[in-house]
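Novice: Sequence:
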Amino acid sequence: MTIIEELSEYRELFERSYPRYLTGRTPEIHYKIMIELMERGGKRLRPVLSMLSTELVGGRVEDVIPVAVALELFHNSTLLHDDIEDDSMLRRGKPTMHRIYGMPLALNAGDGLYGLSYEILLECRAIHGLERSWKIFSSFARMHVALVEGQAMDISFRSQPDIDEAWVIELLRKKTGALFGASAYCGAIAGGADESIASDLFKMWENVGIAFQIRDDLLNLIGEEEKYGKKIGDDISEGKPTLILMHAMKNGSNAERERIIESLNRPYNEKQIRDVIKIFEKTNAFEYAKDVADSFLREIFSIADRIPPSRERELMVKLAKYVVEREV
1 MTIIEELSEY RELFERSYPR YLTGRTPEIH YKIMIELMER GGKRLRPVLS MLSTELVGGR
61 VEDVIPVAVA LELFHNSTLL HDDIEDDSML RRGKPTMHRI YGMPLALNAG DGLYGLSYEI
121 LLECRAIHGL ERSWKIFSSF ARMHVALVEG QAMDISFRSQ PDIDEAWVIE LLRKKTGALF
181 GASAYCGAIA GGADESIASD LFKMWENVGI AFQIRDDLLN LIGEEEKYGK KIGDDISEGK
241 PTLILMHAMK NGSNAERERI IESLNRPYNE KQIRDVIKIF EKTNAFEYAK DVADSFLREI
301 FSIADRIPPS RERELMVKLA KYVVEREV
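Take the sequence shown: its position 240, counting from 1, is numbered 240 in this note's numbering, and each next residue is one higher.
Don't read these hints as lab results, they were simulated from the structure.
Among the hints, erroneous ones may be present.
As the list claims (entries may be wrong) - Here are the simulated lysine-lysine pairs, PhoX-like style, with alpha carbons at most 25 Å apart:
#1 Lys250 x Lys203
#2 Lys203 x Lys231
#3 Lys318 x Lys240
#4 Lys290 x Lys278
#5 Lys321 x Lys278
#6 Lys318 x Lys278
#7 Lys231 x Lys290
#8 Lys271 x Lys282
#9 Lys43 x Lys282
#10 Lys203 x Lys271
#11 Lys240 x Lys250
#12 Lys271 x Lys231
#13 Lys290 x Lys318
#14 Lys94 x Lys135
#15 Lys271 x Lys43
#16 Lys318 x Lys282
What the hints assert, rightly or not - Derived CB-CB ranges, DEER-like:
#17 Glu39 x Leu130: 32 to 38 Å
#18 Arg274 x Gly58: 48 to 54 Å
#19 Ala255 x Gly24: 57 to 63 Å
#20 Pro19 x Arg326: 41 to 47 Å
#21 Ala255 x Gly58: 23 to 29 Å
#22 Trp167 x Trp134: 42 to 48 Å
#23 Arg274 x Leu122: 48 to 54 Å
#24 Gly129 x Lys94: 40 to 46 Å
Since the model is a prediction, treat every value here as computed from it, not as a measurement.
Every residue gets a Cβ at the ideal spot worked out from N, C-alpha and C, and that includes glycine.
Just need the whole structure built from these sequences, with the hints factored in.
Specialist: Below you can see the structure in the form of structure tokens.
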């Protein structure tokens, strides 16, 4: 049995729970976009993580449902906005929302998902009391700020492609690690955890988020398009800052650097993308990125060792390993 199958009860509970927050609301077209995006599915890693974190610390999974739904709606809002900012063609194997409904409606639906996630969190006070609800809300707000700061770094990079490893890691920490970390932290606080355990879980899953994004960057270049759900090499034409790109720019020849720069922020060109991927291979950029992801995995296990042994801890470690070691 895979870890996803072992955690299927959490996912099924989430799938039963989230529709009530979206259905029966107006204007219809506004919520139709949100519902359509949510119905495309996904692994629901963030809500599942929040539920697992709650049970890890002895809480009731039913009590974290508003947090789990808020996290996934927020996550989908970031996907919708990312697709607009990058003008991506596909999301989970289908045309992106702004290509179906137009940019104004899609952008507004993304804003709506942001707002709705905060509205749902207001339910926490009645469940968890003022102090714990404030911690959850504060963590969520800090995550939001970090994420948009990371997105600003991502966008601004495209006019200044000279970056180093520390810059990329900070970007990944803000843009991806913050949401994973908040998912674990908020779930733990909702379950009654003390600050020390909740903070350990935040750090563990912040690192998972970083390693996850490194693997995702690899999938974009050496994965299978049908499985990945996005066009292979999109990150190059979109000018995304990655460890792979950084390593190749640092270790390639001047001519190779120029070829890479010429390919950034350009309409998708399959031959040009293949040429850049060959440069990545020549400079061992893929192996380098895998090594960095592995170093974060070791740190993740080190933090996990501080958590008291339990079935939930075992599941959490397996989930972390699954997320980081996705097949590439």
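Novice: If a hint holds in the structure, say so; if it does not, say that too.
Specialist: Going through the hints against the structure:
For the hint pairing lysine 250 with lysine 203, the CA-to-CA distance comes to about 29 Å; that exceeds 25 Å, so the pair is violated. Of the supplied pair hints, the one linking lysine 203 and lysine 231 is violated, its CA atoms being roughly 32 Å apart against a limit of 25 Å. For the given pair, lysine 318 sits about 29 Å from lysine 240 by alpha-carbon distance, which is inconsistent with the 25 Å threshold. A hinted pair counts as satisfied when its Cα atoms are at most 25 Å apart, and lysine 290 with lysine 278 qualifies at roughly 17 Å.
Of the supplied pair hints, the one linking lysine 321 and lysine 278 is violated, its CA atoms being roughly 29 Å apart against a limit of 25 Å. Of the pairs offered as hints, the one joining lysine 318 and lysine 278 is violated, with about 34 Å between alpha carbons and a cut-off of 25 Å exceeded. Only pairs whose Cα atoms come within 25 Å are accepted, and lysine 231 paired with lysine 290 is accepted, the gap being roughly 21 Å. Among the hinted pairs, lysine 271 with lysine 282 is consistent with the structure: their alpha-carbon atoms are about 17 Å apart, no more than 25 Å.
Our distance criterion of 25 Å between C-alpha atoms is broken by lysine 43 and lysine 282, whose separation comes to about 34 Å. In summary, the hint linking lysine 203 to lysine 271 is not supported, as the alpha carbons are separated by about 41 Å, beyond the 25 Å threshold. A hinted pair counts as satisfied when its Cα atoms are at most 25 Å apart, and lysine 240 with lysine 250 qualifies at roughly 16 Å. Only pairs whose Cα atoms come within 25 Å are accepted, and lysine 271 paired with lysine 231 is accepted, the gap being roughly 14 Å.
Simply put, lysine 290 and lysine 318 have alpha-carbon atoms about 19 Å apart, close enough for the 25 Å limit, and the pair holds. Distance restraint check for lysine 94 and lysine 135: the Cα-Cα separation of roughly 37 Å exceeds the 25 Å cut-off, and the hinted pair is therefore not satisfied. With a C-alpha separation of about 32 Å, the suggested pair lysine 271 and lysine 43 falls outside the 25 Å cut-off, and the hint is violated. The hinted pair formed by lysine 318 and lysine 282 fails the criterion: a straight-line CA distance of about 33 Å is larger than 25 Å.
Between glutamate 39 and leucine 130 the CB atoms are about 35 Å apart, so this pair conforms to the stated range of 32 to 38 Å. Distance hint check: the CB atoms of arginine 274 and glycine 58 are about 52 Å apart, consistent with the given range 48 to 54 Å. Between alanine 255 and glycine 24, the C-beta spacing of about 59 Å keeps the proposed range 57 to 63 Å intact. Roughly 28 Å separates the CB atoms of proline 19 and arginine 326, a value that falls outside the hinted 41 to 47 Å.
At about 60 Å, the CB distance of alanine 255 to glycine 58 disagrees with the hint of 23 to 29 Å. Distance hint check: the CB atoms of tryptophan 167 and tryptophan 134 are about 33 Å apart, inconsistent with the given range 42 to 48 Å. Separated by about 50 Å at the C-beta atoms, arginine 274 and leucine 122 satisfy the suggested range of 48 to 54 Å. Roughly 42 Å separates the CB atoms of glycine 129 and lysine 94, a value that falls within the hinted 40 to 46 Å.
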